[in-house]
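Protein chains: 2
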Amino acid sequence: MVDTDILLALGAAYKQVQAGEYIFREGSVASFYHQLVSGRVRWSNFDESGKEFIHNLIEGGESFGELPIFDGEPYAANAVADEDCVMLRLHIPVFKQLLTEQPELHFEFSRLLAQRLRFKFVLSKELGSHNPESSILALLKHLKARRKNVCSDCTRINLTRQQIANMTGLRVETVIRTMRNLHDKGKLQIEKGKVYC
Amino acid sequence: MVDTDILLALGAAYKQVQAGEYIFREGSVASFYHQLVSGRVRWSNFDESGKEFIHNLIEGGESFGELPIFDGEPYAANAVADEDCVMLRLHIPVFKQLLTEQPELHFEFSRLLAQRLRFKFVLSKELGSHNPESSILALLKHLKARRKNVCSDCTRINLTRQQIANMTGLRVETVIRTMRNLHDKGKLQIEKGKVYC
DNA sequence: TGGCTGTTGTGATTTGAATCATAATCAGCA
DNA sequence: TGCTGATTATGATTCAAATCACAACAGCCA
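The listed protein sequences correspond, in order, to chains A and B. Numbering of the first sequence is given in my numbering, commencing with residue 52 and proceeding in unit increments. Numbering of the second sequence is given in my numbering, commencing with residue 52 and proceeding in unit increments.
A couple of the hints might just be wrong.
Repeated chains share a single entry, so a pair holds when one copy, or any two copies, can fit it.
[As the list claims (entries may be wrong)] Calculated lysine-lysine pairs in the DSBU-like style (CA-CA distance at most 35 angstroms, straight line): (1) 245 with 195; (2) 66 with 245; (3) 236 with 102; (4) 238 with 147; (5) 243 with 147; (6) 243 with 192; (7) 66 with 236; (8) 245 with 147; (9) 238 with 66; (10) 147 with 236; (11) 243 with 66; (12) 102 with 245; (13) 102 with 199; (14) 195 with 66.
If you're looking for bench data, these hints aren't it; they were derived computationally from the structure.
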């Protein structure tokens, strides 16, 4: 989101993490603004029974973990490297100073928060409807619109059924069965197990 | 959120609506920043089957309908006057100009977005867990922390079971039974039907 | 005071997603 | 090419929330 040169000029540092490593944990206090350079970060919570709920799969170029920067509370979820990752980290006070000096950049981040919130609005509404079809379609529609987690030059969804299950609170089997139904109804295409929409 | 005098000086106008009237509808384009002076506004969507999902019950002093201001998309939900309401409205360009000139105020709104998003994080996680007890407790905990929809000088929850049902995607009967269980477990108090926590 | 409306409360039944079990495919790789 | 682990697929069963039906109660006001 922020130009790499600007971040580096302000003293941001690169950090590498291997797949599976935690970048930060739910409940811990934030010190940095994080921007992913390459790899994929899984942003998730675990409930009492140990089931993982994935809020977002962050890809190269995106920032993550912004909530504590703006509301001063601890992290709301865990960030785990889903693949080997490279990221840039900038101390929060420096980042906030940057936003103060560049109102357009601040508006960029307000836009980001608003977009994330809008998605949560739609998804929470669908989760509340207890209708697997509409939950899955809402998720896919969102991903497609944001060109997230899709093949860069086609319409193939880059997520496993398990990941979709973990993003909607459903079970793999339910996701598999529901997506087959959606395929039969023509609302998405499945070829050799790969999903296109 | 914004000082009333400042809003008026910038040309904001008062608007009154009667209980039940729509202030704006899902999908329509936004022109104003809205700030509630008195009354209560219901922020909700209807799903295909006509069931209402309430995202928020806005009370005096709060702003609402900020998403389109920041991401430029249409309204994500309906705003209906839950009681007779008085609100202040300011044209969006003027409002954004104000934020540009006052970075601290802009940070206030970033904080608001972050808080709303944090709540959605928690709630969507709970909705995904398909556990009525934790969904209801998460909602009540949030309301208590924000001192929202509670009696001003006690701990009585100012919501009906139906409203709680509409905010969690559950059914009234499930909410009633689950809250009785929570009462029996000592996790909240019910006296003459009124809920304290 | 009684009647009306909205809310809370409770039982019986249904339903669909979770769960359990197990098979079929696919992708990566030696 | 064949092996291996991850992913997709499918059938049978269970279980909890939705649904349906109706009773009890509280608050309001004519």
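Hint-by-hint comparison with the structure:
| no. | hint | verdict |
| --- | --- | --- |
| 1 | 245 with 195 | within (15 angstroms within a copy, 45 angstroms between copies) |
| 2 | 66 with 245 | within (33 angstroms within a copy, 52 angstroms between copies) |
| 3 | 236 with 102 | both (30 angstroms within a copy, 24 angstroms between copies) |
| 4 | 238 with 147 | neither (44 angstroms within a copy, 40 angstroms between copies) |
| 5 | 243 with 147 | neither (48 angstroms within a copy, 49 angstroms between copies) |
| 6 | 243 with 192 | within (21 angstroms within a copy, 46 angstroms between copies) |
| 7 | 66 with 236 | neither (46 angstroms within a copy, 47 angstroms between copies) |
| 8 | 245 with 147 | neither (42 angstroms within a copy, 44 angstroms between copies) |
| 9 | 238 with 66 | neither (41 angstroms within a copy, 43 angstroms between copies) |
| 10 | 147 with 236 | neither (49 angstroms within a copy, 45 angstroms between copies) |
| 11 | 243 with 66 | neither (38 angstroms within a copy, 57 angstroms between copies) |
| 12 | 102 with 245 | both (25 angstroms within a copy, 34 angstroms between copies) |
| 13 | 102 with 199 | both (24 angstroms within a copy, 30 angstroms between copies) |
| 14 | 195 with 66 | within (29 angstroms within a copy, 39 angstroms between copies) |
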